[in-house]
Amino acid sequence: MKEARTARGLSQKQLGIEAGLDEFVASTRINRYEQGVHAPDYPMAVRLAAVLQVSVAFLYCDEDEMAQMIMAFHRASRPARRRAMAALQL
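The opening residue of the sequence shown carries number 0 in numbering that gives the first Met the number 0; numbering runs sequentially from there.
Bear in mind the hints are in silico, worked out from the structure with no lab data behind them.
Idealized CB from N, CA, C, for every residue including glycine.
Under the rule of at most 25 Å between Cα atoms (straight-line distance), these lysine to any residue pairs were calculated in the SDA-like manner: (1) Lys1 <-> Gln67; (2) Lys1 <-> Arg28; (3) Lys12 <-> Ala49; (4) Lys12 <-> Glu2; (5) Lys1 <-> Ser26; (6) Lys12 <-> Ala44.
Derived Cβ-Cβ restraints for the label pairs, each shown as a range: (7) Ser10 <-> Val45: 14 to 22 Å; (8) Met84 <-> Glu17: 28 to 36 Å; (9) Arg82 <-> Val36: 36 to 44 Å.
Model the full assembly from the supplied sequences, consistent with the hints where possible.
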């Protein structure tokens with residue numbers, strides 16, 4: 000999450016507020032999500048993903064390579080997605 004947040008140029012507080020958190024808890028809550036102390040529930044993960052412009056699946060990846068693949072696939076055009084899937088024989 001931190002990688003996607005910093006790539007978008009958002010502070011923890013900005014991300015939290017844009018995802019619908021109260022401004023007084025936004026920074027702390029996002030920090031705890033990024034540190035793995037707490038995990039967002041699914042509705043919050045959906046809102047965070049929308050603000051970060053990533054797939055919700057990206058937020059749940061535990062491997063950097065998989066997260067990069069999900070990010071690339073999410074941002075790719077439909078034809079590029081079809082080519083990627085064909086290359087992976089899916």
